[in-house]
Structures are given as C-alpha cells and as structure tokens.
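Use these hints to put chains E, G and S onto chain Y, whose structure you have.
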Amino acid sequence: MDVRLSPEQVMLRDAARQVVDRLCPRTVGEFDDAERAGKLDAAVVASGWLELRTASDDGRPWATGVEVAVVAEELGRGLADTAFLGPTMAADLRRLVGASPANTPETIALSADLSQPVVARGGAVGRGAVAVDARGATSALVLLPDGDGYTIGAIALGSVTTGVDLTRPVVSCPPGAAVSRIEGQRRPLGVDDLSRWRALGLAVTCADLVGVMRGAVTVTCDYARSRRQYGAAIGSFQAVQHLLADAYVAAEGSASIALHAGWAVDALDGPDALEAASAAKAYCTRAARSVCETAIQVHGGIGNTWECLAHVLLRRALLSGEVLGGVGANLARVLAAHGIGGDDGLR
Amino acid sequence: MDVRLSPEQVMLRDAARQVVDRLCPRTVGEFDDAERAGKLDAAVVASGWLELRTASDDGRPWATGVEVAVVAEELGRGLADTAFLGPTMAADLRRLVGASPANTPETIALSADLSQPVVARGGAVGRGAVAVDARGATSALVLLPDGDGYTIGAIALGSVTTGVDLTRPVVSCPPGAAVSRIEGQRRPLGVDDLSRWRALGLAVTCADLVGVMRGAVTVTCDYARSRRQYGAAIGSFQAVQHLLADAYVAAEGSASIALHAGWAVDALDGPDALEAASAAKAYCTRAARSVCETAIQVHGGIGNTWECLAHVLLRRALLSGEVLGGVGANLARVLAAHGIGGDDGLR
Amino acid sequence: MDFGDSPEERAFRLHLREWLGHNNPGLPTSSTSDEYWAGQAAWHQTLFGAGFFGLSWPKAVGGHDLPSVYEAILDEEIIAAGAPPRPSVGYLVQGLLRHGNEDVQRRFLPGLVSGRDRWCQGFSEPDAGSDLASLRTRAVTDGSEYVITGHKVWTSYSDAADWCLVLARTDPDVPKHRGISAFIVPMGQHAIEQRPIRMINGITREFGEVIFDEARVDAANMVGEPGEGWRLAMTVVSHEREPGELGYVARYGKLVNELVHAVEEQPDKYGPEQRRDLAWALVEADMLRCHVSRRLSDRLDGLSHGPEGSVDKLLMTGVEQAVGHAALSIGGAASTEGDDTWLKVYLYSRAQSVMGGTSQIQRNLIASRILELPTS
Amino acid sequence: MDFGDSPEERAFRLHLREWLGHNNPGLPTSSTSDEYWAGQAAWHQTLFGAGFFGLSWPKAVGGHDLPSVYEAILDEEIIAAGAPPRPSVGYLVQGLLRHGNEDVQRRFLPGLVSGRDRWCQGFSEPDAGSDLASLRTRAVTDGSEYVITGHKVWTSYSDAADWCLVLARTDPDVPKHRGISAFIVPMGQHAIEQRPIRMINGITREFGEVIFDEARVDAANMVGEPGEGWRLAMTVVSHEREPGELGYVARYGKLVNELVHAVEEQPDKYGPEQRRDLAWALVEADMLRCHVSRRLSDRLDGLSHGPEGSVDKLLMTGVEQAVGHAALSIGGAASTEGDDTWLKVYLYSRAQSVMGGTSQIQRNLIASRILELPTS
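Protein sequence lines, in the order shown, are assigned to chains Y, E, G and S. Heads up, the first sequence is in my numbering, so the first residue is 606 and it goes up one at a time. Heads up, the second sequence is in my numbering, so the first residue is 606 and it goes up one at a time. Heads up, the third sequence is in my numbering, so the first residue is 269 and it goes up one at a time. Heads up, the fourth sequence is in my numbering, so the first residue is 269 and it goes up one at a time.
With the rest of the complex left out, here is chain Y (with noise of 0.2 Å):
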C-alpha cells in the first residue's frame, strides 16, 4: 500500500492544473469570453486528457480511475467550462464493448434524473434521456438490452442548454429519440462491466467534487481574508473561521475516500468497485453541497450575487452530485452491499 501519487501522477495533476490556471475563468464574466473557452477545449484535446479511457494494445485503457480523476479533480477547482467527463466515459463504454474510438465528440446520456444509465429498448429511447457535459457532443451514448448483458447505440443531440451547471450544459432528449447501434461492438457489455463503468462515472464525479470543494475553500479563505467589517477582516472571527475549517475538513475527508474510488475502479471487481465508489460518492456529495453553502454564505450579500463564483460552484456541485445518483440512492448501494436491504437494479 502507498497511495502518494506516482511521480507521473503528480506530473499529470501539475500538467491540469497548469492548464486551468492558464485558461478557466477567474470571474463570472470570463465565461463569456469564447476565445478563452476554445483555447481551453483545444488544450485539453492536445494534452490527450479525453482518451484515458480509450483502449490501449490489450484492450485495457490507457490510465487508470486515478488519473482520470487527477484530472477531473483540476477540472472542478477550476470550474473548466470544457467537457471530460462525458466524452470519458463514453471512449471508457467503447472500450468496454471493444468497438473503435467515436470520430466525432461524444457524451454519455443518463435518465432525466440523472441518476441511471439509459436503456433503450425497440430502438428508441422510451422515457427521454438526458445528455450530460454534452458542450461540443454530436451525439450520446445509450445501452441497449442484449442477452444478460447490454451492447451499446448512440442518439444524435440537438442543441445544448445550461442547466443547473454553468459549466457543463446538457442536452434534453425527447422521449422517443432513435438509437443508431454504434458498429464493431467485439462484446457485449456484462454485469461486472456494467458496475465498473457505474463505479468510473461516480469516482470521476467523486473526483469533481472534491475539486469544487477546494476551489470553494481557496476563494472564500482568499474573501475572509480581505474582507472587512467592524475594522477587521472577517476571517478574523472565530464564526468564520469555524465555518472555513469545517469546509477544509470536508474536502480533505472527501479526498481521502474519493482517491479510493479511483483507485477501485480498475483494481478491484466491479461489485466492489461500485461498493467503494458509492461510499464516497454519498460522502463527497454531502460535503460538497456543505462547502459550497458555507462558501456563498461566507461571502455574504455578493455570495448571492450570479457575479460571484461561489454558486457557480455550487451549481457545478450540485450536476456532479446527482450524476448515476445522489445521497439516497448510494447510500442505499452502501446498505445493500452490506447485505442490508437497498436495491441496486438498473431501472
């Protein structure tokens, strides 16, 4: 056991974070700068970050969860408005089913709520389906139903909206929507795949999380120290500086148990895996929505303010938490792997 970071992995994580230090948005005004925008999708396109989970040689991907969410975690603390977690786990559900890489930009879609994969039956997607981090995707990956297992097709997206995340829009997909099967499947996706895959999507928003927590720690410290009211700064009161320190532990503890989901991805079987995934996506979910509250309420008047960056964060926050579920639906994961009762079946 050593969970330090490998020195490539420290590599990689100063490599995003020269890139959101260089490119994201310091201002809520900045997100409309498109210049800036392009530059950062191109930068994260160059530096390769979304095909970590493509196949290598032996059909195993490129990186592991641990990179993958090195990477995503830069993303969130510098609330990159630029896509990475859907077009991951669309080249990781390629890879899966061993067909080639998507030639044209990619997502996943999920049910309305976010919280499940998508299974088309008869062709078509039954209930309407909902495109996450969809900026740039033409298109978004869906399961169909095959023997015990699933193959996958892709539904084409229409034009992109906001959503609660500033940051990463979504593409609502009316019910009905034709699924085109994505060609050269070599396998059929099973149960084990199915849970690992499940257990990427929540240690990548694990990993996003934990980001938004410590950007949300860096810029309201960053406020309490230069804010003043009554002759000091506020961060000088003992309330402040509680409410920081709580938020600085939360994000520390949510680190702990998100490196581990990374971890468990591709080093333990799915089931496991989705275990450990689950554990800390219920953990960083709770904190993060803690973290963010303290963060706008730290910053008092302007925190509510759309010109701050604090509900940004919180909204960016708020899309990661519900990605493949939320609070209640792994903790019931946790209950049921522990042999308790919850339920755990696709829907």
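Rather than coming from a laboratory, the hints here were simulated on the basis of the structure. Among these hints, one or two may not hold up.
DEER-style ranges, computed between Cβ atoms [said to hold, decoys possible]:
#: 1; chain 1: G; residue 1: 366; chain 2: S; residue 2: 442; range: 51 to 61 Å
#: 2; chain 1: S; residue 1: 306; chain 2: Y; residue 2: 874; range: 33 to 43 Å
#: 3; chain 1: Y; residue 1: 627; chain 2: S; residue 2: 644; range: 31 to 41 Å
#: 4; chain 1: S; residue 1: 458; chain 2: Y; residue 2: 946; range: 58 to 68 Å
#: 5; chain 1: Y; residue 1: 651; chain 2: S; residue 2: 569; range: 38 to 48 Å
#: 6; chain 1: Y; residue 1: 837; chain 2: G; residue 2: 294; range: 26 to 36 Å
Here are some, though not all, of the chain Y residues that point toward chain G, as calculated from beta-carbon distances under 8 Å [stated by the list, open to error]:
#: 7; residue: 616
#: 8; residue: 620
#: 9; residue: 927
Just so you know, these numbers come straight off a predicted model, no measurement behind them. Just so it is clear, CB atoms sit at the ideal spot from N, CA and C, and this is done for glycine as well.
Below, chains E, G and S without anything else, positioned relative to chain Y:
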C-alpha cells in the same frame, strides 16, 4: 387566538416552578437524597398535579393538555425525579373508558422500544412491555382489543430499574405477564380516543423536552460564564456563544410547536391532535438531542463525567424522545397526515 | 391559551376565506420569477382594497386596528387558498409609526399601506453590510433640502419604487452610530441611478443597487430628528427579522403544500431520502406557524422591540433553508424536466441567512443581549 | 497510487489473518465496559508477543521497522476478524522517540511497546484543559530528584499504570509555555493518589484523577531538557489526534460491523431513519479507513508533526459521533432489552469532541495554521 398563558396557567406554572426550585436536585449527588425525593413526591401529590386528567363531573378532564404541559415543562427543566407522565397518562386512559381513578399508584406500559401502547391479547402481554415513569407504581395499564376499540387492563409491576433516564425509572414486564381487567369501564376506547390519548402523551413528552432544553441552556450558560480558559470566560468565545445561541433558538422553536401540541390535545379532533403532536414530537426530539449534546460539549471534560448534570438532561431527553415514538415514527405520521405515505397503525 | 378562533375571529376568517376563493391571483412562487414582483404590487392593492391588508395597523394610516393575531389568521387562510403571501412592508410601516412625526406619517403611510406607492429601503452599502453603522452615504444641507451622495445595495424593488427610505450620514464628526439620519427620498430624479442585482437563482427584479449622485430631498422628509437615523434603522431591522411582520408563514406554507402536491402526483418517484427532507420542511413550517402565533399573541401586551427578533430570524432561516433543501430534493438538482422553479427556491433560500443580518450576527446578538454571555 | 498490497504486504496480511483467526480474545466493545480495560492489557502483550505490535516503530524499542502502511493492514485485518483494536500507546512512543534521550528511550520504550509496563499521561488539570499551558503542577529539585505536587485529570488508565508521563512547571518565572518540563514518574508511591472518573456512560476504569502530593522522581527521568516539556506535549498531543496512531480505524470498523449484524438479525425491526443513520456510519468509517491510509502513506516520506493532526481529529470525531448516533438509533435510546452497550457507545462518543483538544480548538488551529486566516 391568544396563545399567551392565562392568569390561572401562569399561577400553575409558578407553583410548579416553586416546587421544582425547592425540591429538585441541583447536583448529581442530590439524586441519592431519599428525604428530598420523598418530599418532592409528596408535593406533587399534594398539589393535585397527578389528577389533572381525571374526570370531572361531565367526564371531561379537570385540566387541558396545556395545563399538563405547563407542569411537565417545569418538571423537565428541574430534572424532577418524581412520577408525572405515567400517572397522568394512566388517569386519562381511565377517564376515557369511564372507569374510576386508580386506588394505588399506576402508570402505563409501552412496547419494548417505547414507541407504541401495549395491546394485550388473550389475557397476557405477548411480546413483553415496559412500564415507564414507574417510580412508586404498582401496576401499569395496557389495552385489550374489544370490537373496533379497546378496553383497558393492568399488569402488576415488579422491581424498578433505572434505564436510560436517571430521573424516571422503568419496569420491564416479561412476555406473558398476566393482565387483569380494570373494573367499571363504561365505554370502549375508540379510535378517536386513542389518537387523542397518544396526542396527550406526545404533547407531555414535548413539554418535558422543552423543559429539559431550557434547563440545559441555563446550566450551560452559567458554566460558560464562570469557566475560564486562556484568561477569559469561555462564554466570551464566539464559537461557544454561537453554540449556546443555537441551543436557545432550538428551545424557543420547540416551545412554540409544543405549546400548539398541548392545546390541540383537547381542542382538535383526535387525528388532527395526533398530527399536531407528531410534528411537535419530531421537532422537539431532534432539538433536544442537539441541545443536550451542546450542553455536554460546552461543559468540556466535566460534561463527560457522571457528576455533571448535562448527561442527566440528555438521558431524560432520550427517554422522552422515545416515548410513543421518536423522530422516524413521527415524521412518518406527519407524511401520512398529508396523504403521502407513512403508516400509523397500532402494531 | 387558545390557538382557536374567537367568534369575531371565526367570522373574519370565513369572510376572508370566501373572498380568497374568488380573488387568488395565482402568482408564480415568490423569489423565483421576476413576474412575481410585478404581480405582487397588484396583489397588495387588491388585498388592501378588500380590507385585508394592514389588519393590525392604525386606521389612521389605512389599517384596521385589529389585534395582531388577525395577521396570523390572514396567513393561515392565504396558505389554505394557495394565494400569494401578503406583501412585506410591515417593517417600514413600523419604522415610520415609531419614529416619523405626524406630518411624515400623514403624508407617507397611507400610500405605503395601500400599495399606491412603492417603497424601497436604502440601508446597506458595499462596505457596510453586517457593520451597517459604518455607512458612508452623505447628506448635506442646502437650504430647505438635503443633498445625498452615496451607493446603496440590496435595495428591494428599487427599480419600481417611488420612495426610498435612506440612511445617510449627516454628521461625520460624532461617533458613527450618532451621525446618521433617515430620509424619505423620491426615486423619480435623474440624480438617482438604479442597477438591478442578479441573484444566484437568476432573478433580477427583487434587489438593486442605487447610486445617489447629489440627489435631493426636502428636509421635511427626514424621519425623526437629525442623528436619530440609527434608532429608526434598529426598529426597521428588528421588524425585518420577524416572520410575523413579513407574512412568511404563508410563504413557507404555500411552498410545502406545493411540494406535497408534487409527491402526491408521482408517488413512485420519491424515495425515503426525499420524503424525509419534505417531512422536515413540513415540520419546520408548522413550527414557524406556531411560533408566529405566539409572537403575535405576545403583542397583545403591546409591541416590543427586543432582541427576540434575532431568535425569530434564525428560526425563519431554518425553515426557509429546510424548505429549500426539500425543494432541491423533490425538484431534483439537475432537473431538466419542465421548469426549474424548485432549484430556484433552493438557491434563493441561501440568502435568508444573510439578508436582514447574517445568522452569525443574530447569534452574536442572542449571546450578548438574551443569554448575557460575557464579551471578549 | 495503490491501496492494494505489495507481495510482502500480502504475505504479512495472510500470516496475520491466520493468527487472528486463532487469537481473537473477543473483548467487549471498547469504552463501554470496564472489563475491556483489563483485557486490553493482555491483548497488548499477546499482539506484541506474536510480532504484530509496533509494526512501524524502531526495532531497538521492540518494533519492526516496517513501513507505516503496515499499521493500516493491521487495522483492516483486526476489523475483518472482529478483534479488539490495537492498544493506543503510539502517541507516547512518538513523544519519547522524538524528545527522550538515549537513556530514557532505552530504559522505558521496550516496556511501553511490549505492554509489560502500563503507562498513563498526566497533562490536563482541572483549570488547564484547552489552555494546557496554564498548568499549575510544580516540580522542584531536591538533590538528584524532583518533587512533584499538583492535580491531574483525564489520566487514562491511571489506576493500573506503572508510569505516568507528567508535565510540571519547573520554572514559574518564564512565560508559561517555556517553564514546563516532562517527567516519567513511577506511580507506585504513597505520595500519589488515584481517583477514578466515572464517565457519563458509567465506565470508571478508563480515566482517573491523579493527585501528586510531593511525589518524587529521579531527575534522569526527565524527557528532554528542563523547560522543553511543552515541545514534548505538542508532539504527544498531535499524535494523539491521529486515528492512524490510535488504531481507531479498527475501533469504528468493528462497531459498524456489529451494527450491520444487528440489522441482519432482525431486519423488520429497523425503518428507513435507522438504516440511514447506519449507512452514514458505514460511509464515515470507510472514509476514515481511506484517510488513514493516505496519512500513513504520507509518512513514507518521513514523519511529520504539522497541523494536519487537527484535520484528522475532526474527521475522527465525525466518525465516532456518526457511529454513536447509529448505535443510538439501532440500539434504541431507551432499550430495555438485554444490555445497553449501544447506548454506552453513543454516550461515550460525545467525549471525542473534547478529549485530545476540543473540536473548537482544532478548528482554531486549522484556521490559523493551515488556512492562515488572520487573528483577531
């Protein structure tokens, strides 16, 4: 609408407060003072407070749920080690079926987890029962099925054990304990009666919890004013101030909803009274645990010792919290009352 | 001790109930849609015109001189009807009633109470939030007028207001609490610029920034004497913390009823975690209803201006945020089905622990003024 | 980044697992029964004798010089076996390793590590809790000895201890942090009186008060130089905040597994509220396991003594109290069926936010030393 206490209710409260101030223990050591405890029992009997729910000439109780709650709050605040909840609930049950008052000290029996009245079938208690608030009691009332309603019976009590609450002992009655029918019952206990009786029990425990919270705030503020660390009273530190402010606020919110529950016992239909009491019980139970935990925390090391009153307050709150159901059972009743699930049948 | 109606109260309630049955304008949920603020002005005038506004205020200013508990009955019936809450102008009314002279009361209160005139409140500034007394807006005498220069924020409805109750420093040479005066400033002048503030849930018409650049106000529009502005501010702020003054029992009652309805419609959609959040919101809202009844009953002994408002504010904040969390839970953080009203309700709820004095400030006040804990 | 075992770790784990399968003494739940403390001494010696104690400590003092992550493997296997957690003496060992001279280490560490000698820690005093540096116990030289007079509280296992690590003031004329020295005092002398402290869950053998009335200690038993006691205290206290040093991952793992077992046995008895409390306890315990693995891995870069211990302490406290609440929920506050172990677990959990420095003190430390927020 005028929810101020009436002059008579203020007099009753002041009388209870005087008894509490004179005869209730101020330190953990004083609980062992049998002479004091005997005087307290005698004062409660002499004041007639155990007869508030016996029948007046028209069959209605001498006093409303509000008066019962007024006394209960003061006894809770003072950690009164005397019977009140039990005899009061027993008297109300006798009144509801038209039986004459008990000749010997009596209480009520509840299910082992305290959440439900005991329904005895076939002349015996099936799963066992717990007689609560059993100091001095020689018997405890249970329900006997009778058509759509119930009649009442009694089980004889063995020796008293302390249980969680150091001020109000309990008696465990083994499965199979024999039930004797109470003579002279003039009418069965109907569904509305039973709801109202449960509402009374919940309202009394809410008032007790409010008293405990107010007592906890008082002793803890006193301690925070006198205990010094770092050259200052700990009550001057903002972190301690905010803990205590939150405790005070929780007690005040609880007082408001508990007052309503007390009023509802006699003023509303049985189901509505039970709904009002259920909401109050969920609120007060959660608040009381939090307030008592704060009391322990602010007392620091001392607060974790047997000699400090803080845990006696917490323990009393734990018992009152469980009587006729705690947070989970009462939230379920609130949802059921709004037509969205939950289950409130007698088990 | 009686939460029930007297015969007079019962008659009033039934009359009100019937009227509400025919006159509910069905506005969108407050604080989630800018349409609400426009409709709310009309609702104010409708309520007033029918004799259901200002129930406990003096007849002389357009009120009804009824016991304060009638406000609780009004809130309960508004909830039952699913109607919009009563407009929250009570704290301004209380401020003028207590600190304004006869002339000010006569000229301004009827228009405020009736809803004819729209008002806003110019207290907070960018550098004077929690520490309000450090405000820097200046008012300088010029003949029979004062000239006001400064920058106000968190000015509710400033875009539509006819009048602004402004705190400004008239004497920079005395301790900061003693050099502040209060003015009723006409908003319709070029020297006043209004900029909307966009809240985190997207609404833009509830709050604004107001920049006074040598705006003018008649000296007769001063409320109280020169230097007495802080006392007015404390009255206004303390009432602003009272859910009974704000009518917020109806706000929360309406929201939780709508959430219950959502679950009734699709019971299979909601699991134990979501139902639990909703149950707590129901319990919290019920607590506040009872608590406001208690506070309004206490006013039968006479209106008080003590630190209890901080208790009420924290309780109200707890309710707002419990309802917000239930809205998030039931509505879904990431809902893409239909509208995002519930998300907006949640996001708006975060402001309640800041506006009208942060929760931290309220706890400080309770610690020092109620619990009498020592200062450090 | 690897939570998994190296081949050496795997071999160690399997060896340990087999040994635990035959040597689990099955003590009662820690901190709920006074029997535990008696049995724990034997467990310490058994673990040590089998080569499973002090894994990451130097061989010279009885340890095994293994990487610190072996402690995490030990905790995991103890959980899996349902065995008692390893005894928490690591913070004393770390203090002596860092501050004791060679003579002190040679004379005292082997007995401490092996469990042959029982130790207690005389730091806190009735008027010096959070503000430890204000301690008043005095040590005065008398030839080659010091004479100690004072009153200590919260002295763990003081009733059974052979030695007490005592902080005492040796120089009253310098600033308070600089006049304190540390001594290893033999407990077997008439000048030392020990009184048990009864905790709120009824146990009496975990903590004691110790009164030193001119107790004597050889000057050679001083740890560090005169006036360096505060530095030792900070080392000890910082390690006392670390769940990895305390072995508390196993403490919580054992408790949550027992709670899961209780629900398995009677599934119909527990509703959603109780299952939710248990699920959070499971998640919290899992978080701490991962967190301790991270901290112990960081030690592969060398042992640090920074403010991170305050973070770990707050995380550990969160776990302890989440487990406590689950125990209350599953066990029932008012249980009268069988034993009241779960109630005791809950009541004991309240102390975790006080002992080793209150949660308020930890937050202060994080704010100033990690977040570098300004002081007031």
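The hints, checked one at a time:
1. 366/G <-> 442/S: 51 to 61 Å: 59 Å, holds
2. 306/S <-> 874/Y: 33 to 43 Å: 42 Å, holds
3. 627/Y <-> 644/S: 31 to 41 Å: Because 37 Å falls inside the window, the suggested range holds.
4. 458/S <-> 946/Y: 58 to 68 Å: Once the Cβ atoms are compared, 59 Å apart, the range 58 to 68 Å for residue 946/Y and residue 458/S holds.
5. 651/Y <-> 569/S: 38 to 48 Å: 33 Å, violated
6. 837/Y <-> 294/G: 26 to 36 Å: Roughly 48 Å apart at Cβ, these two residues miss the hinted range, so it is violated.
7. 616: Since chain G brings no Cβ nearer than about 34 Å to residue 616/Y, farther than 8 Å, the hint is violated.
8. 620: Violated, because the Cβ-Cβ distance from residue 620/Y to chain G comes to roughly 30 Å (cut-off 8 Å).
9. 927: Holds, because the Cβ-Cβ distance from residue 927/Y to chain G comes to roughly 4 Å (cut-off 8 Å).
In this structure, the earlier hints numbered 5, 6, 7, 8 are contradicted, and the remaining ones agree with it.
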